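Line by line, the protein sequences give chains A and B.
According to our numbering, the stretch in the first sequence is residues 1 to 496, in order.
According to our numbering, the stretch in the second sequence is residues 1 to 321, in order.
Hints in this document: simulated from the structure, not taken from any laboratory.
Possibly wrong hints are sitting among the right ones.
[Said to hold, decoys possible] Not everything, but these chain A residues come out facing chain B in the computed CB check (under 7 Å): (1) L25; (2) M64; (3) E68.
[What the hints assert, rightly or not] Mimicking DSBU-like on lysine-lysine, the simulated pairs with C-alpha atoms at most 35 Å apart in a straight line are: (4) K328/A to K439/A; (5) K242/B to K228/B; (6) K289/B to K233/B; (7) K90/A to K433/A; (8) K271/B to K242/B; (9) K233/B to K87/A; (10) K271/B to K228/B; (11) K271/B to K34/A; (12) K57/A to K120/B; (13) K439/A to K490/A; (14) K57/A to K155/B; (15) K288/B to K41/A; (16) K120/B to K109/A; (17) K271/B to K289/B; (18) K271/B to K57/A; (19) K271/B to K487/A; (20) K57/A to K242/B; (21) K34/A to K288/B; (22) K271/B to K460/A; (23) K109/A to K487/A; (24) K242/B to K41/A; (25) K328/A to K87/A; (26) K58/B to K102/B; (27) K102/B to K41/A; (28) K34/A to K120/B; (29) K58/B to K289/B; (30) K178/B to K155/B.
[Unchecked claim] Just the calculated beta-carbon pair ranges, DEER-fashion: (31) P381/A to S314/B: 49 to 57 Å; (32) L129/B to F432/A: 35 to 43 Å; (33) F182/B to S146/A: 36 to 44 Å; (34) Q92/A to V287/B: 23 to 31 Å; (35) V453/A to E221/B: 55 to 63 Å; (36) R28/A to E177/B: 20 to 28 Å; (37) V122/B to P45/A: 48 to 56 Å; (38) R73/A to V63/B: 34 to 42 Å; (39) R73/A to S314/B: 26 to 34 Å; (40) P45/A to N80/B: 22 to 30 Å.
Remember, predicted model here, so these are calculated numbers, not experimental data.
Quick reminder that beta carbons are idealized off the backbone N, C-alpha and C, glycines included.
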Amino acid sequence: MAATDIQPEPVQIDFTKELLSSSELFQRRSRSHKIPVRGQKEFLPNYSVQQKACLQKTLDEHWMLMTEERLERAGNLVNAEWIPEEKIVKLQSPAGKFWQTMGFSDQGKQCLFPEEALYLMECGSLQVFYQDLPLSIQEGYETFLSAETVTFLQYQVFGHLKRLGYVVNRFDARPSKQLKRKWSRSPSFRLCAKKSTASPEVSAGQHKGEIKTSVPYSNLETPGQLQRQQTFQDDALKSDPESDRAPERNWWTNVSRQLQPDSLQTSEHCWDFSCIFFPDLGSYSGNRACLPPPDPSLLPGALQVSECHLAHWHRNIHLKEECWSKQKWQRDQERNRCSINDDQEVCRCRNWVEYLELLEKRRSQQHNERPTHLGEQEVMPLAQPGKCSSHRELLEQVSIIQSYDLLVGNSRLPGSDHWRITFNVYQPDTEFKKSYPGKPYTHLCVCSFDGPVPDLHALKELSFQSGDVSVTFAVVDHGDISFYCFKEFKLPTDVY
Amino acid sequence: MDWNATESIIQSDEQHAESSECVDARNKREEEKVENQTVNISLCGSTPLLWRAADIRKCREEVGVIGTLVGSLARQPRQNIRLGRPLELLQEEARLLVQTGKATALRHKELSENAGSRLKAVELYRARLEQSYEEQCALALEERKAVLQRVMNEKQNVHKDNEGAELAVRERLESLEKSFSFPRSAMAIQLYTARAGFSHCPEEHAFLAADWPMPRDERSETRFRVYKDLRSKGFYLTTAGKFGGDYLVYPGDPLRFHAHFIALCLPMDEKVPLCDILAIARLGSNVKKTVILCSPQDTSDSGEEIEEEVVYSSLQWSGIV
């Protein structure tokens, strides 16, 4: 267009065409709300009279629907005022039913976000005034929608979902209280809590895209701390299964003492249940007649529990050896087929000492047979012979690329401004409460077909922001909206 | 309905204030405008939108610009099957409209703060509202009267010999006229879809002919040339993001016909990986549409503007038996 250097000139627009007269207004108060059904589409125009008539009819209906103006009784309208400084709409008359799912109170005043107000304007339930004049829907689009509030693209998605009945509100990147409460119950909560307290600037800057400038130096130390925390925790977790396997479990006082410092320091009321074991009486041999008293810190105040004599309980336990079926026995035999008696060299041993010598000899032989370039140098084989007892273990040892969880450890990725979650979406049929919205059905990220596909970095960042709620991408293509989501998929590793 | 009148009064006031030559010039300009630029594309961000029903109709009927309706339907706003104004245009559609001289792109000014004119507009708006109320009140009374009359007539027909009936009717009508009240809450109010005008006095709704905020890269250029060529061949086009292409190509009005082609715009010398081609061809055959690759021929070498031509190639699976 060559209009750039021409003086911007006022354009006269005939506004009167679409204004209804009083009689029109009055007549149309009771009009039908039916939408004509469109018939089946045809393949090729054949210019027949019938086809032309059909097209004309559809077109007429189309124009009729499109031309129709919005009309409401004054009594059904809620009035509101646009406050441009705050970018919100303040209600001037009591809100309608929409208040159940929309709006918020600010100093006793009922307010709406611009996108909510615009949607309600389109629904014919709200009239927004600015300086005592009502805004048309066009003016609503032009003044309410901006990068600071909600963009046109985002509003299209908002309107689409609202029209379908979903409850949609803005996504707040700060984790809500209930979310925190939930996190604190999950096993990894300590790590996460540490993260969020250690680097508030990082998490705050993340969605504003100003991260690099505002991170103080002290925060750069956190990865080390985190790692330490992580390894400590890993150790704690690892120790659990081992103690599990031990023939005589050190439960009760001993074990819980070992792990106490960690779990008690962080939160006294949160017991780490993975460290408190239930006594396994079955594996106790007869010579231990009593259980030590339980750790007093685990008991309610005044309660005192002394040693517990087992003999009485032991009688109630089924201690007979399990009768295996013949098949199972055979299977077991097959598995251990190479009996020690088949070994010729072992048979030649005359006494215990010779047998031990033989074992020692074999062990050193095995050691010597191993190629020297393996084991002693910097470059090591991924799996050592004889170190793996199952396929799974072997696979775990030889895997170079570890399977990767989108949610783990990305708080330090630089935030990008382009990708962010815009809306929380709640399902229509649930009973929604604004004061306690609960967990959203999904989080929505609005993007356009003209833009790029989110890369792994963006996905990771979004899923981190989103927590345990799924992220759905609403892709807008000139008014046409499609919803996509990326699902994490774990390859099955169960191999026998 | 005095709104038209009031507006023209304001206009004439204005014109008095101006010098006479200026008025002439302006009138001339306006006449030209009425002929040339009747469709107003308003921009929301960088998205071209049409708001007036007449504009939308004109674009579809005269230029074959379809666009997409993106607003809630006035008649039944809470559904997505049929939508209402505004109509969102593709950048190519908007560009074609502007190029053919059917439209001007406008960016509106911020909501005006001019207190004086604002005050006048508010007064006008209130007066109009009041007038509308009174007229609707009268209409409601008329309607009530008509209903009463009809009911009485029916009764009269049943008891033909009743002498006092007519008198009773008259009495009832009189009392109705005295006691009738039309509650303000029952009054119908129009919620304007397009800019209604009274929030801006004529002299201040200075829309700026906007700098076209359209990207002018190679891709948009290619898309536009393909769009223009296909449109000139009589096809109707809509957007085809869901089908992985640039346009869906319809043989007739998309309201009544299925799309036949998925158009993919590619510059002549662009290299495309074979698997991309296979993917879109497979997708096209799945939705029973033919994929066509559209490449505008390079005209930049031959200095002068020659007849623009686009090369089309269709993709088809061929089985060799």
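Which numbered hints fail: 2, 4, 9, 11, 12, 14, 18, 23, 25, 28, 34, 35, 39
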